[in-house]
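There are 2 protein chains.
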Amino acid sequence: MTKKELIEQIRTKKSFLCVGLDPDTDKMPLHLKNSDDLIFEFNRAIIDATAPYCVSFKPNSAFYEAYGLKGVAALEKTILYIKTKYPKHFVIADAKRGDIGNTSAMYAKAFLQTMNADAITVAPYMGKDSIEPFLQYKGKWAIVLALTSNPGSSDFQMLDPGFKELYKHVITSCRSWGSDENMMFVVGATKAEWLKDIRAIIPDYFLLVPGIGAQGGSLEDVCKYGLSKDIGLLVNNSRGIIYAGTGTDFADMAAKEAKRIQIEMSNYIK
Amino acid sequence: MTKKELIEQIRTKKSFLCVGLDPDTDKMPLHLKNSDDLIFEFNRAIIDATAPYCVSFKPNSAFYEAYGLKGVAALEKTILYIKTKYPKHFVIADAKRGDIGNTSAMYAKAFLQTMNADAITVAPYMGKDSIEPFLQYKGKWAIVLALTSNPGSSDFQMLDPGFKELYKHVITSCRSWGSDENMMFVVGATKAEWLKDIRAIIPDYFLLVPGIGAQGGSLEDVCKYGLSKDIGLLVNNSRGIIYAGTGTDFADMAAKEAKRIQIEMSNYIK
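Residue numbers (our numbering), protein chains in the order written: chain A, 1 to 270; chain B, 1 to 270.
Check each hint, because a few of them may be wrong.
Since copy identity is lost for identical chains, a pair holds within one copy or between any two.
Claimed, not checked - Listed next, the in silico DMTMM-like pairs over lysine to aspartate or glutamate satisfying Cα-Cα at most 25 Å (straight line):
#1 Lys138 to Asp26
#2 Lys128 to Asp160
#3 Lys259 to Glu165
#4 Lys229 to Glu8
#5 Lys85 to Asp180
#6 Lys70 to Asp24
#7 Lys70 to Glu41
#8 Lys14 to Asp230
#9 Lys196 to Glu181
#10 Lys77 to Asp37
#11 Lys270 to Asp37
#12 Lys128 to Asp22
#13 Lys70 to Asp37
#14 Lys270 to Asp26
#15 Lys138 to Asp24
Bear in mind the hints are in silico, worked out from the structure with no lab data behind them.
In isolation and in its complexed conformation, chain A is listed as follows:
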């Protein structure tokens, strides 16, 4: 998907919501639990219910891998389902991969070709040759971790190796390896005021913002500091939407919560 197509979707739907698909079978409604294909059935219901209110889905690979082969099969099936039924939705494989060049090339193949996601999240610690293989697929994206929303983000990302914090070094270096047509950055919403500094470095890049909802970030603050002239934001919510309800009406509850966020977002899209 091109940047232009993504922006068109955002403007058409008045939404920059990304729904995070983090399946946890312990949290799923009881009436589904006899399904042979529980994870996929749960996801399908959530996807159908929330698709009108979001522009992106983000399955988190860990939550599938934890269930072994069956989980990975559900991940493949989920991505195929979205790409087939909702081809205009932007699918992010949240996999946080990164390794030496020839190994990163294998991860890129796994997620951007075999699974056919539109984007994959990438860990920057190993530097340029670990990131470049993810930039070689036309119409696909690498979303590089810059400033994350977890407590541990202060351990290394905030270290200052001269003039600026590590996460800013990551952003400025990566900017020279890719472009705003094939690269985005993860920036946690719990640090919304720092979006101002980040926007000064990369005014035109899309940012994937987790941490709204369960992780405590505020949409108002994210928009105040993070909006670009082309919106430039994908704001993720996982648990707040997909586990909004736990009864037979779980999909309706998810739709209701996604719609509530979409309406709030529409105020920020001129």
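Assemble the complex: chain A is given as a structure, and chain B must be docked to it using the hints.
Quick look at chain B alone, frame taken from chain A:
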């Protein structure tokens, strides 16, 4: 596996060799190519041939994930085969995972419980809560990326946020989160002289050293600067061993190369 058990294996076999299992079907012998289970059949032959000369196997998850479900099935089967037939070999899932706490917990479950590897490689960028879930399994290990052997290692790992390079901050911080009984570090062999500084910080930790062979590192230098009183090294070779031959005698060729390295290693084990 405990540290004591690993050291015993190293002393018994006079080897600290780790054989990297990075399957690439394009590089496999022609006579195997009609197999329905090519990756596993290749791995099994390599494992049986090299097991006498090594103490560890390190399947690289990317090389399996690139083949989709079939590849992940081969990874599960490979680990199960080693754990069943060679229970004293230390199995490292080279997966470079790391995410916020609740997601890292899922990756830990995937590799240390569902797949039952002894260890997993972990990316440190997201800090403490991204690493701790990998330390919660008794007898299992997190192997944290410190200084890697690829060109991109200079991009961020060598930045100096006051007093010492980032990779040293990673080592000193991680040291306080785990112990030498559940944590190791990845240190690339292309920078063997820096092992001296690293040993000064963590004299008792095991180091996983990639980059011998195809990546250009020297075993002599690694031993000169990296050996601890308990050996403290696992030195990996992947392509140099598993693709030593490409004919019907590929497994014998792999054994020969593994044996050659083991004999060289035996000189360093008193």
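**Asked** So which of those numbered hints doesn't the model satisfy?
**Response** 3, 5, 11 and 14
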